[in-house]
Each structure stands twice: as structure tokens, then as C-alpha cells.
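Chains as they are written, first to last, in our numbering: chain A, 55 to 359; chain B, 441 to 747.
To be clear, the hints were calculated from the coordinates, so they are not data collected in a lab.
Every residue, glycine too, gets a C-beta built ideally from N, C-alpha and C.
Check the hints yourself; a few may be wrong.
As the list claims (entries may be wrong) - Simulated restraints on C-beta separations:
1) A:Ala227 x B:Ile630: 36 to 46 Å
2) B:Pro564 x A:Leu345: 41 to 51 Å
3) B:Ile630 x A:Leu142: 41 to 51 Å
4) B:Ile602 x A:Gln249: 31 to 41 Å
5) A:Gly202 x B:Gly542: 40 to 50 Å
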Amino acid sequence: MLHGYALGAVMATFLGINLFGLFGQLLVGLINGSFYALLALGLAIIFGLLKIINFSQGALYMLGAFTAWMALEYLQINYWWALFLVPLTVGAFGILLERFLIRPIANEDHLYSLLLTFGVALILQGLFTDWFGSSGLPYAIPEELKGGTKLPFMYLPNYRAWIIIFSLTVCAATWFMIEKTKLGAYLRAGTENPQLMQAFGINVPLIVTLTYGFGVGLAGLAGVLAAPVYSVSPEMGSNILIVVFAIVVIGGMGSIGGAILTGLAMGIIEGLTKYFYPEASNTVIFLVMVLVLLVKPSGMFGKEA
Amino acid sequence: MKNKKLNLAIFGLALLAPFALYPVFLMKVLCFALFACAFNLLLGFAGLLSFGHAIFLGTGAYVTGYLMLTYSITPEIGIVAGVIVSALVGLVYGKLAVKREGIYFAMVTLALAQLMFFFYLQAPFTGGEDGLQGVPRGALFGLIDLTDNMVMYYFVLAIFVIGFLLIYRTVHSPFGQVLKAIRENEPRAISLGYKVNQYKLLAFVLSAALAGLAGSTKALVFQLASLNDVHWFMSGEVVLMTLLGGMGTIWGPVLGAVTIVGLQNFLASGPLANYIHVVMGVVFILCVLAFRNGLVGELQRLVKKNF
Numbered sequence: 055m056l057h058g059y060a061l062g063a064v065m066a067t068f069l070g071i072n073l074f075g076l077f078g079q080l081l082v083g084l085i086n087g088s089f090y091a092l093l094a095l096g097l098a099i100i101f102g103l104l105k106i107i108n109f110s111q112g113a114l115y116m117l118g119a120f121t122a123w124m125a126l127e128y129l130q131i132n133y134w135w136a137l138f139l140v141p142l143t144v145g146a147f148g149i150l151l152e153r154f155l156i157r158p159i160a161n162e163d164h165l166y167s168l169l170l171t172f173g174v175a176l177i178l179q180g181l182f183t184d185w186f187g188s189s190g191l192p193y194a195i196p197e198e199l200k201g202g203t204k205l206p207f208m209y210l211p212n213y214r215a216w217i218i219i220f221s222l223t224v225c226a227a228t229w230f231m232i233e234k235t236k237l238g239a240y241l242r243a244g245t246e247n248p249q250l251m252q253a254f255g256i257n258v259p260l261i262v263t264l265t266y267g268f269g270v271g272l273a274g275l276a277g278v279l280a281a282p283v284y285s286v287s288p289e290m291g292s293n294i295l296i297v298v299f300a301i302v303v304i305g306g307m308g309s310i311g312g313a314i315l316t317g318l319a320m321g322i323i324e325g326l327t328k329y330f331y332p333e334a335s336n337t338v339i340f341l342v343m344v345l346v347l348l349v350k351p352s353g354m355f356g357k358e359a
Numbered sequence: 441m442k443n444k445k446l447n448l449a450i451f452g453l454a455l456l457a458p459f460a461l462y463p464v465f466l467m468k469v470l471c472f473a474l475f476a477c478a479f480n481l482l483l484g485f486a487g488l489l490s491f492g493h494a495i496f497l498g499t500g501a502y503v504t505g506y507l508m509l510t511y512s513i514t515p516e517i518g519i520v521a522g523v524i525v526s527a528l529v530g531l532v533y534g535k536l537a538v539k540r541e542g543i544y545f546a547m548v549t550l551a552l553a554q555l556m557f558f559f560y561l562q563a564p565f566t567g568g569e570d571g572l573q574g575v576p577r578g579a580l581f582g583l584i585d586l587t588d589n590m591v592m593y594y595f596v597l598a599i600f601v602i603g604f605l606l607i608y609r610t611v612h613s614p615f616g617q618v619l620k621a622i623r624e625n626e627p628r629a630i631s632l633g634y635k636v637n638q639y640k641l642l643a644f645v646l647s648a649a650l651a652g653l654a655g656s657t658k659a660l661v662f663q664l665a666s667l668n669d670v671h672w673f674m675s676g677e678v679v680l681m682t683l684l685g686g687m688g689t690i691w692g693p694v695l696g697a698v699t700i701v702g703l704q705n706f707l708a709s710g711p712l713a714n715y716i717h718v719v720m721g722v723v724f725i726l727c728v729l730a731f732r733n734g735l736v737g738e739l740q741r742l743v744k745k746n747f
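Same shape as in the complex, but just chain A (with noise of 0.2 Å):
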């Protein structure tokens, strides 16, 4: 053990390149990742069915944090039940949101269904700004998951490791459920061809309520685990929206795995710029994705110009 740490300061060095720092941004680089991968998952699933670009998920990421925060708060609800319930009070607000707001208007043009759910962001946003100010508010870290685990190169804290794991796995649980399960294979059949399956006897709009319900519920989880690292206030979902947006032009919305490693993927250059070059770890995404609209247009993933 003592021979690693010894190495590890030889290292620690290597090449002009203070290790400890380049890790510690890229364990924030993947931490962002992830919350990238769940929003953008969310994005494509119901872009998939509905083809529908959901303008509120940001505002329902920022839903799920304060839900959790005020479940705690109020209702002394645990860090636990919270990531078990704040995703289906989130997924249910999505269901009465499509079900009364988007499906009036899901024969219009599909630009309606982006400013309808802008307008639903805006009311979330405002509603909250105005309740609890626009200042951040603290969520403590649940006790099972304080302290952190020292590496060779860096102390991982034992939340941040959480949050990596837990997010990849409901990632690889979703990309799962669709690509090789029957429900998934209603949810895909429908994205093909939704009159087909209607006429096979499947209630094609449940599904689509249901599928609008689950990836929001995604976006509500997202919001949970983001409580307790990012502080939880008003305007956390508009900015990471614009960039999940950047991802999925990046990514493309052929494919949900191609969403989930894009999202990942952003995460890990952002953190390596901000150790590189820091000025630019804001624009750096919205950099890429000047870069592929040049190369190519349609997305890493993308299916169709």
C-alpha cells in the first residue's frame, strides 16, 4: 500500500499534468455524464414515440429536486423513499401533462407541442422561483453514502461514486427493457408505425401516455440524485436542458443507446476541458456540436437528416 502511494506521488506528476486534478475533473466530468445520459435518455424515448422534443424535461428535472427537498423537508420522507417515490409523482404530473396539454394537439405541427411544453417550463420555473427564491437550497447527503473511498490518484466520495453507478444502471435497465423485451417491442413497433399497432388491438395511446409518463419519471430521478451534489434552485433545469439539447444534436435521436454514451461521453470532455482549458468548459459541448453539424449533420447516431 505504502509502495502505491509512493508511486502515486511519482506519478502524481506525470508529465507536467498534476494527476490529482485531472481526475478530480474527470469523476465530475462523469458525474455530469450521468445526468446528461438520464435526461437525454428521457429526451429520446418520448421523442420516439411522440416525436415530440419535450421542452419541460429541464423544468421536471428541477420538479424532482425540489419534490425530494420538500419531502424531506416536510414530510421527513428519507433520501430513499424519495428516489423511489419523486420519480412516479414526477411521472404522474407527466401523464395529466400529455394526457390534458400535449394530446389535443398531437395531430398539429409538432412545433406547437415544443412551445406548449416551453410554456409548461416556464410556469414550473416561475412557480418555484417565486416560492423558495432563486438561490439555492441544501440537501444533505444520505448517511449511508457520507464519507468516500481514497484511491491511488484521488479521494472518491462514496455519493459521487453512487450516483455514477446508480444512473448507468438505470441507463442499462431502460436501453434493456426496450431493445430486447416485449413491451419494448410495442414501444418500438409503435414508433414505427402507430396505426399498424393500433389495428393489431394495442391501446397505441396508452402507450404513448405511459412512455411520456416514464421518460419525465426519468427526468424526476435525475432530479434526486442531482439533490444533494448540485445546490436545488429554480434555474438548475433550464441550463443543463440547453445543453442535454446540444447532446441530442450531438448524439442524434435514432437510438437510445446512442443517447446514453453521447450524454456520457459530453460529460467526460467537459470535465477534461475544465481541467485543460477552463475558460471554455461552458461552451465546449456547444462546440462539438458545431463540429458535427459540419461533419455530419445528422448525428453520431442519427438516422435521418
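Start from chain A and add chain B according to the hints.
Quick look at chain B alone, frame taken from chain A:
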């Protein structure tokens, strides 16, 4: 003929308005009306939803503001410079954005706008969070002092009329007809031999330049250029103005801008001051659900039905 009378009546009203209403409020309305008309050229006539149009408004404002503050130039030169830079940004962004369609176009423009937002946030010449304050209005052509609000109002009105007429001409030109053809059926326009992307790009640049004109003028009116002008919320606001007024109509964006700016002013002094975003969101949803033709669209329908 009837329309001509209506247009003249509105223009006459605009000439007399500052004697009845606060000129700064009216100038704000005119700037936003021009901004919305420029945006409508793209959304209403070419069918392209740009979700980052604030960036052109803000670019115009920053360029004019910076030049007026740093060099002692006259306002018309400041405005021309703002318009040119906005058009150049529009050219670059347009070239990238027209590669994608529909909702992707909206996402690309939003993301590009956010890129520029961070640039303006960090750039040394924008004053960061404070913005550029105390921008001098100067003297038009070095002769007419614009400090007085009444004088400034007629200058802003003149700019608006020029911009509005330019848009009117564009929409009713063969170029405008091709844009509409693209909006209605893009594959058909392509098969007829039109280079669709070039038409879209030209519309984008024109719209960006006019949005820049609105921004440059706004910077002179309020003597301020700030991050608010380039924020995504501003981009959403102009979408709302156009949608509420009636996209694809000539007067719709103007009426939308009057309504929204008026509503914001009214709300700001009332008990709902903290709920401006919420009210905007509600108006958005109502427009989309029940009111897709907008105020002018609905009015036209009523007139057609009853007269």
C-alpha cells in the same frame, strides 16, 4: 385599398402616441415590435422556429453600446455597425442551423445562442453581469441631439418604419413567395429546382440583421446593453409575441409585442410582479391550445365571416 387606409391610420396613431403615453414605454414597444417582425419573417414566412433569436438582439445592443461608449461616434454609425455584426453572426449561425430541420433547427439555434451567451458573459468588453451602462445616445448625423425622449421617439419610429417596410417588401417579393413555398412543402420546392437552403440562409441573415437593428436601437433607448438581451428567456419572449399576435401575418408580431410589453408593464406594478414568467407560460399554453392563429389571425377570420 382598405388595408392602405388601415396602415395609414396606425401610422398616424403612432405619430400622435407620445403625446398620450410615456415615450420610453412606446420606444420599448417599437423595439420589440421590430424584433418580433424580424423573427416572424423566419417563423411565419419560412416556417423556421429559431429558439435563439435573442442573440442577434443582444449582439446589436452590445456592439452599438460598446462603440458608443468607447469611441465618440454618431448613433447612426453605431447602429449600422450593430446591424452588420448581427448579420455576420447570423450568417455563421444560419449556415450551421439550416443543416437541420424542424425541432432540430430549434435545438441547434438554442444551443448556438447559449454558446454566444457564455461568450458575452466572459468577454472583457461586455461588462459581464453589469452589462454596458450609460451608453450615450449622441447626436444623429452629429446634428440632432437624441437626449430628449420625444426626439428619440421619432427617430425610433423612423427606424421601425424602415425595418417594417423592408420586411413587408421581402414578404411580397418573389423571394418571399419562395420562402412560403418552402414553408408549405419543402420537398416540392426542392423538386422545382429551388436551392432551399440558400433561401433559408438568406432569410435567416435578413432576420438576424433586423433583430440586430432592434437591439442596437434598444441599447440607445435604454442606454444599456445587458445579458438579459441575450438570455434564452428573451428568445422565448419573442416567440410568444409572434405566436400571440399571429405568426405569418404582417401586423401580428406588432400587436403581439404591444400586448406582451403592455402586459409586462401592467404586471410589474401589480401584485403579480413575481409571477411574470408564470403568466407568460400560461399565455403560451393558451395560445397553443386554443389560439394558434393569434390575435390578428382570429380577427381576420372574424372579419371574413361577418363582412
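- Message: A range of 41 to 51 Å was offered for this pair. Does it hold for the Cβ distance of B:Ile630 and A:Leu142?
- Response: Holds - the Cβ-Cβ distance for B:Ile630 and A:Leu142, about 47 Å, lies within 41 to 51 Å.
- Item | Outcome of range test on Cβ distance (B:Pro564, A:Leu345; 41 to 51 Å) | Given a distance of about 26 Å, which is not inside 41 to 51 Å, the answer is violated.
- Distance restraint evaluation - B:Ile602, A:Gln249, Cβ atoms, bounds 31 to 41 Å: violated, 51 Å
- Return holds or violated for the Cβ distance of A:Ala227 and B:Ile630 against the range 36 to 46 Å. Roughly 43 Å apart at Cβ, these two residues keep to the hinted range, so it holds.
- Message: Against the range 40 to 50 Å, how does the distance between the Cβ atoms of A:Gly202 and B:Gly542 compare: consistent or not?
- Response: Given a distance of about 46 Å, which is inside 40 to 50 Å, the answer is holds.
Hint violations for this structure: numbers 2, 4, all remaining hints satisfied.
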